[in-house]
Amino acid sequence: DIQMTQSPSSLSASVGDRVIITCRASQSLSSYLNWYQQKPGKAPKLLIYASSNLQSGVPSRFSGSESGTDFTLTISSLQPEDFATYYCQQSYGLPYTFGQGTKVEIK
Amino acid sequence: QVQLQQSGPGLVEPSQTLSLTCAISGDSVSSNSAAWNWIRQSPSRGLEWLGRTYYRSKWYNDYAVSVKSRITINPDTSRNQLSLQLNSVTPEDTAVYYCVRTDYDGKPRPFNWFDPWGQGTLVTVSS
Chain A
1 DIQMTQSPSS
11 LSASVGDRVI
21 ITCRASQSLS
31 SYLNWYQQKP
41 GKAPKLLIYA
51 SSNLQSGVPS
61 RFSGSESGTD
71 FTLTISSLQP
81 EDFATYYCQQ
91 SYGLPYTFGQ
101 GTKVEIK
Chain B
108 QVQLQQSGPG
118 LVEPSQTLSL
128 TCAISGDSVS
138 SNSAAWNWIR
148 QSPSRGLEWL
158 GRTYYRSKWY
168 NDYAVSVKSR
178 ITINPDTSRN
188 QLSLQLNSVT
198 PEDTAVYYCV
208 RTDYDGKPRP
218 FNWFDPWGQG
228 TLVTVSS
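These protein sequences, in sequence, are chains A and B. If you read the first sequence in the working numbering, its first letter stands for residue 1, the second for the next number, and so on. If you read the second sequence in the working numbering, its first letter stands for residue 108, the second for the next number, and so on.
Here chain B stands alone, though its shape is the one from the complex (with noise of 0.2 Å):
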């Protein structure tokens, strides 16, 4: 059963970096079977896509253009985990963060959806 636990700071000042990280267990991050997204929920926005990190011999990246200057989505292979940086934070950034693993059903064209999720994580961009 794959689990992803969540760590890092819940409060995080404007103009400042929001760093979170996200541990894997029963699955690797170096999986060529699936993705690993960060996914953020607000009243305003809604669930919000921000990009994901998967290796296919070799590692790649996709970002949300809303976040593409100021994101980081890192795997660490070492300790089985990725991490989540967010440069520059607003007010607006305020929300709670998912780690969450794209899983696919290994066919040609593969349907693919988010599954599991990490318990989520209250980030608020405050002085």
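Extracted from the complex, chain A is given alone in its bound form (with noise of 0.2 Å):
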């Protein structure tokens, strides 16, 4: 199986700063990397697919890019409703694998 390690596991964060999340794959990806986000008792919800391609609707502070197996969400300007938990997955080949999650936290 892919593994894929997020970090940091969680992170604390003002509004308007910003925020990088980091995740590394077991092996090349091609790409084949997704973001979601998720808030307490919802489903997770796409952001970036394809490593760096802005789902529909998903504000454009959200960004995605890669080096290597190194993937990366940046949001450019923390805002408040961005507070919520953040997973990356890898769609490369079954079973589809998600990183721990990371906990963006008001500071």
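The set of hints was computed from the structure by calculation and includes no laboratory data. A few of these clues could be false.
What the hints assert, rightly or not - The list that follows gives simulated cross-link-like pairs (lysine-lysine, DSSO-like), each with its CA atoms no further than 30 Å apart:
{"hint": "1", "chain 1": "B", "residue 1": "Lys165", "chain 2": "B", "residue 2": "Lys175"}
{"hint": "2", "chain 1": "B", "residue 1": "Lys175", "chain 2": "A", "residue 2": "Lys45"}
{"hint": "3", "chain 1": "A", "residue 1": "Lys45", "chain 2": "B", "residue 2": "Lys214"}
Combine both chains into one complex, guided by the hints.
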């Protein structure tokens, strides 16, 4: 199975901060990497697919990039509604696997 | 707009069968450009993909090795829904279960992602 390692597991940030979340894959994914946002009691919501493509309706402050087996989710200016847990997921091969999550909390 | 509505019991006794249903609106379970998955989430295991069903001239299923001997995912074309059955459950199967569509971008080696998700069903395995 492809292992996905996210860092950090949690972070505290203020409104307006730039936030960077990293996900490392155990093998090459050729951009088959997606990002999701989950709020308490809700299902995950797709933010970015294929490493850097913004899902329709998602604010442009969210962006994704990759370098080798490292993937990055960036929130350029954190908003109050962005406090949530973020997950990466590889869609390169079965079984599909997720990172353990990064919880973004209010500082 | 695709919507997934889950239903099923929230409490299952150990050794019994967990059964959930997912009603699909805005798409077809027989779509040639989608797949239909079950994913669960628990504090101990995180988000765990369990399996999928999809139609490409015939029906296919793929299952996670961790549950392969106990799981069945079936499409119901007459009702446009899919079901999950997980046999011989233990407390380790306690989790929130999600019905999820795989969407594809249509390229020869397509990118794919999970969207949308059902509302989730908390299933507790306990006597």
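Take a quick look at whether Lys165 of chain B and Lys175 of chain B sit within 30 Å of each other, Cα to Cα.
Between Lys165 of chain B and Lys175 of chain B the Cα gap is close to 21 Å, so the pair holds against 30 Å.
Lys175 of chain B and Lys45 of chain A were given as a pair; does the straight-line alpha-carbon distance stay at or below 30 Å?
holds (27 Å)
30 Å limit on alpha-carbon distance, applied to hinted pair Lys45 of chain A and Lys214 of chain B
Cα-Cα ~23 Å, so holds.
When held up to the earlier numbered hints, the structure conflicts with none and fits them all.
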